[in-house]
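Chemist: Okay, here's what each chain looks like letter by letter:
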Amino acid sequence: MKRRSSNRKNNIYLPIKGRIESIVPLTEDVNFYRIRSEKPLSYGVGQFFMVSVWGYGEVPISVCSLPEKPEILELSIRKVGFVTNAIHRLKEGDELWFRGPYGRAFPMELSINRDVILIAGGIGLAPLRAAIHWLIKHRKKVRHISLLYGAKTPSQLLYREEFTQWEKEGIKVVLTVDSPEDGWTANIGVVTTLWHHIDVDFKRAVAYICGPPVMINASMLDLYRFGMPLSNIITTLEAHMKCGVGKCGHCYASEKYICTDGPVFSYEEIKRYRLL
Amino acid sequence: MSSEWILDKNHLSYWLRQLRKEADLIGPLRKPGGDIVFESIERIHEIFLDLPALIPGPKEFLFPQYEKLFNKRDSKVEELSIKRKRVVFGVRSCDVSAVRLLDRFFLDRFEDPFYSNRRANTLLISIVCNNPEPTCFCAGIGTGPYLREDYDIQLTDLGERYLVQAASKQGIRAIKAYSFIFSKPTRTDYDDQFEVQLSAMARFQKRISLERVRSMIITGKVRDTFWEKVATRCFECGGCVYECPLCTCFTVIDRVFGDEIERARIWDACLFKGFTRLAGGVLPNERMVMRTKRWYYHKLVHYPEVIGSFGCVGCGRCTIVCPAKIDMATVAIKIKALADNEEKIIEQKE
Amino acid sequence: MLKVLTVCPYCGCGCGLYLHVEEGRIIGVSPSRNHPVNRGTLCIKGWNCYEFIQHPDRLRTPLIRKNGTLKEATWEEALEYTARRLQEIISLYGNDSIGVLGSAKCTNEENYLIMKFTRAVLGTNNIDHCARLCHSSTVGGLAAAFGSGAMTNSISEIRDARVIFVIGSNTTEQHPMIAMHMLEAVDKGATLIVADPRKTKIAEFASIHLRHRSGTDVALLMGIMNVILGERLVDREFVMRRTENLEIFENRLREFTPDRVEKLTGVPASDIRKVARVYAAEKRSMLFYAMGITQHITGVDNVKALANLVMLTGHIGLPMSGLNPLRGQNNVQGACDMGVLPNVYTGYQKVTDPKARQKFERAWRRRLPEKPGLTVVEMTEAILDGKLKAMYIMGENPLLSDPDLNQVVKAFEKLQFLIVQDIFPNETIEFADVVFPAASFAEKNGTFTNTERRVQLIRKAIPPPGDAKADWQIITELSTAMGYPMQYRDTYEIMEEIALLTPSYGGILHYRLEEGYGLQWPCPDRKHPGTPYLHRKKFARGLGTFLTVDFKLPEEMPDDNYPLILTTGRTYFHYHTGTMCRRTTVLEREEPEPFVEINPEDAEALEIRDRSRVKISSRRGSITLMAIVTERVPKGIVFVPFHFREAAANILTSAALDPEVKIPEYKVSAVKIEPEETEKILKTEIKAFRTR
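As given, the protein sequences belong to chains A, B and C, one line each in that order. First residue of the first sequence? That's 1 in the working numbering, and the numbers climb one at a time after it. First residue of the second sequence? That's 1 in the working numbering, and the numbers climb one at a time after it. First residue of the third sequence? That's 1 in the working numbering, and the numbers climb one at a time after it.
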């Protein structure tokens, strides 16, 4: 019986220390955190970190920035559970620990020389924000870019200040809400009612989707019907996770660990493994 | 790499006593009332050798039910890792087979440092089961009652003496250091060993072919109504998961003791509805049948596809701990009955 | 790595388990394979019972309230202060101004000592415990009918029974390891009959499920007995030789024809006939009941009706044949046996019996009070009336478990002095003047008596946290501080004293319990092997007696203002007031928030969506919680578990009491439900997608 000699450099469960540099409230229950890490980081679009508050626990959070400054990490965190509530109680200058990055990144190179559709619901825009930054960075290599974004109410739309900037970069931003508020002039309804706003060749386009499971399902189904190849429809899944490295078993779903085999999957994989 | 010796039974306690000088010796002891449990051995002559399947199995020494991971005080995080050397005497072949799979799970890809430390410091001495229990079905899976390779030290009871086989560096070292009590096996010894193996194989009461069960499942012949019936009986105790030598699910808890914060992991089970609870309270697997299927599919379908072997070593522990009798063996036998029934129907048609 | 054999601290099954100890910490648990109750299995609570022991919330030091807040103190200070205050109160207001609650969670030895302390040192019979709230009806009803109020059979007999009749017990969830034996019997061909308004999990395995209206148990049982009488299924021989007074009871019985009972209970007459025939036909039939029978104002009548049923058919006094109350707490049987009740000493020897009293007076060398004391709910009333001034509560949480909590809060605010002795801070501690930190089950030696009367050893695995001490040590020290020295080397010496004074425990001593899995009382002498089933050859009282009962409606029936019946109970994942299980990760995650189960028809009429927030109100108060729309409850009935302090079911319940044993009617109160005002857009997104 062979013992593997341990080749690890560090403990995979040990978080590293970061400091909250700034907190910007995005909506009533979502804050934007800019975190300075003690060590340089490198990560891809759609990867996540296990964010750790000692005494409360750890939660997986998708990164919403590009690693342009290696010591800076940007996260948008919704106050929804025990740990995220604890994070929301932290102030600028406080410690926030994390480890990662984990999971597969979005295959951004798929978008080269293609039309790109980004579809997001609610907090789902967070990981796609990193994708948008990537697309802007590689703007010349990408054809049309459209963002279809829905939330419950206008005040629950994330990154509202950045929309103009994105439009300047030639991204078509189409917004929709379930319940309008005063002064709302854009669309009402679910994002899958917005297809007529965009003019793309679905058969040759690529889509990146993130949002609640029902929205993901409906969007993927529509795109598939419009003739988009299954492997060009990309989404990212949410799951309960405790470790982020394929050990704790919480995110296991039909032979796949969402944390290490995902969280980014193509529609083709989702169908094959019945992940949704 | 396998080396073989003969150890006179009279010398067993001497050998174990020497091993204990460098490690915590753990072995089976009989408790008042008749239960046999793994415990640190104080008096070596009390080791109980006529073993049933022990509850819990040796998984608890490599991946305990409650394991401290870190201690944080102020801004300092201390990594808590048990590096104590252990000799676990008296484990069974199925357990060793399970540890082989656990190694792959915990050490491949991302290496689990806590498991890795415990594993590197644990020597397993297994005993060939010459008297399997009614709950055992390792023979059909090839994970027991004896192993051909990939163990630390394997003992075969030949009456007055043991045939001792070592197949790891640690195992060989544990013997060579005391080589004067070991002797070379003779032809008779090997003949006796072969007989023990044959008779062990003959004593199994259960013959279960998981392969047959698997093919029934993947060809869609086991309907959801079957799983519904299984799920209805479930007590949601988690026993099958806790006791399965291959189940590794855990959850992580943080506890604050004054100015010290402890982060620990504890065994968890996919059979609980809260196991997959999403932030905000959504329960993706609220219906019991989904969780029952998840457990069986993982072991019978996904394991073979991903790892190449079943997620079951036939130790029969779930048969012992399941209050509802919906354990692997019972369910497998029921599925096989479905298959037999189907064949009968086909025969009749023909 | 050490493994310590002990007994699960949750329910009355009394499963044997091992605590795994490594470096002075408990790192796991495993079931005992040979234990006659659990036989290698455990339920989710048992598998996780190691976690709360080392929880950071554990009480570690004595606390004394100073200027309104609880401050840490030394044992000397706390004991001296307590002794002084108690003596002051006794001298000002008399002995009966103090009330004591023992604990069904503590050991027999500790309950014996607190009973002795109350009677010999405080000089009052005002001692009771939570058995009042669960099975006092059993103790009262069965003592009257048979002469002994306990489970008559053993758990290991269940799997060989031919008929199992379960009434008012959610066995699969509340006594999982007993349900395991029932399931095995069913697998072997036994017939399972379940009577419960709710569609409980055990009902899924039943051949017949009777869903009678809450509070109509007497009528249902009378109907069954009526058929047995009418169809000549009575065991005449048994009735003649072993019982008395059937003739008196018979006339009343004739009034309950199946058709009349159908109208009262809502159960079809044909089902009643069927159950009567099935139950009467098989000698190996076991009858089980729990809180669904006892927690009514007719609790004692319900129990008497059951006793009549088993006597009528002669289904008692044999293995696999008897009447079996399933006791809730791990040691509620033991706490009752130890006389933690206002009217009896150990082994149910009456305080009003001069001979018994003299025996205890001679043993304890003190004059003992003659008049029975107050029960749990009466203590609350006595505080409000100004008669009770101080309380000593060991391991109980009345501020969540007692009925009509708003009244209880008022009472506790009025107390002059309150001692709470517990392992965790609970709701009651908020009112305490002194807090004694106690050891958990893993940190002391002693015995628990499970529901089948099995007295078993629990063993110390680790030392208690901080300055905490075992309850028995605290009592001896307090007693000594009050001028009545108690000295015991360990709990085995206390057990010896119990054996000396208690005929049914006469042969139960720790050294005999060391080997094996305990002894079942009665065990009168040191050679006696224990008694697996009761009433063999003759009843404890001689002849079993038929006691006449009559049907009475619950105290509070639904009306136009409060149209629904509320019934309360437990869930599988939680236990009582949650001090232990809600500090256990897995259990808390499974059932993290309070809920009310409501039938789809009622929900539709009230416009309540599944998983929406609702407000439930009774005449006594209201709570808000999540609605679960389910067929498990029938139309007209809603179910709320009582574990959750954030929506305490007992704010709603009424303190209507059974006249005889003073058990509150937890199972029936009239309530109304309304949806809470919430944002309507909730889930519209999902709906929109679904309708596409």
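Warning: the hint list may mix true and false statements.
[Unchecked claim] Calculated cross-link-like contacts (lysine-lysine; reagent style BS3-like; alpha-carbon spacing at most 30 Å):
1. A/K271 <-> B/K273
2. C/K355 <-> C/K188
3. C/K188 <-> B/K344
[Unchecked claim] Ranges of calculated distance between the beta carbons of each label pair, as one might list FRET restraints:
4. A/K172 <-> B/I346: 35 to 41 Å
5. C/E80 <-> B/N71: 27 to 33 Å
6. A/P229 <-> B/T225: 56 to 62 Å
7. B/I346 <-> C/E601: 43 to 49 Å
8. A/K271 <-> B/D340: 55 to 61 Å
9. B/T232 <-> A/D29: 35 to 41 Å
10. C/K410 <-> B/S40: 36 to 42 Å
11. A/R36 <-> C/L415: 36 to 42 Å
[Said to hold, decoys possible] Stretch-level coverage of chain C by chain B, calculated; a stretch enters the list once three of its residues show a Cβ under 8 Å from a Cβ in chain B:
12. 135 to 142
13. 509 to 517
Derived by calculation from the structure, the hints in this document are not laboratory data. These figures come from a predicted structure and were not determined experimentally. All C-beta atoms in this analysis are idealised placements derived from N, C-alpha and C, irrespective of residue type, glycine included.
Chemist: Looking only at beta-carbon atoms, does the pair A/R36, C/L415 fall within the given range of 36 to 42 Å?
Modeler: At 55 Å between Cβs, range violated.
Chemist: With the threshold set at 30 Å, check whether the alpha-carbon distance from A/K271 to B/K273 stays at or below it.
Modeler: 24 Å, holds
Chemist: For the hint 35 to 41 Å, verify it against the beta carbon of B/T232 and that of A/D29.
Modeler: For A/D29 against B/T232, whose Cβ atoms are near 39 Å apart, the range 35 to 41 Å holds.
Chemist: Count the residues of the stretch 509 to 517 of chain C whose CB lies closer than 8 Å to any CB of chain B, then report whether that count reaches three.
Modeler: Coverage by chain B holds here, the residue count being 4 at a Cβ distance below 8 Å.
Chemist: Using the Cβ atoms, figure out if B/I346 sits within 43 to 49 Å of C/E601.
Modeler: 47 Å, holds
Chemist: How does the Cβ-Cβ distance of A/P229 and B/T225 compare with 56 to 62 Å: does it lie in that range?
Modeler: About 37 Å separates the Cβ atoms of A/P229 and B/T225, which means 56 to 62 Å is violated.
Chemist: Measuring from beta carbon to beta carbon, are A/K172 and B/I346 in 35 to 41 Å?
Modeler: For A/K172 and B/I346 the Cβ distance comes to about 60 Å; the hint is violated.
Chemist: Would the hint linking C/K188 and B/K344 be met if the CA-CA limit is 30 Å?
Modeler: 26 Å, holds
Chemist: Do at least three Cβ atoms from the stretch 135 to 142 of chain C come closer than 8 Å to Cβ atoms of chain B?
Modeler: violated (count 0)
Chemist: Starting from the range 36 to 42 Å, see whether the pair C/K410 and B/S40 falls in it by beta-carbon distance.
Modeler: 55 Å, violated
Chemist: Take the C-beta atom of C/E80 and the C-beta atom of B/N71, compute their distance, and say whether it sits inside 27 to 33 Å.
Modeler: 38 Å Cβ-Cβ, so the 27 to 33 Å window is violated.
Chemist: Can you confirm whether the C-alpha distance between C/K355 and C/K188 stays at or below 30 Å?
Modeler: 50 Å, violated
Of the hints listed earlier, those the structure fails to meet are numbers 2, 4, 5, 6, 8, 10, 11, 12, in rising order.
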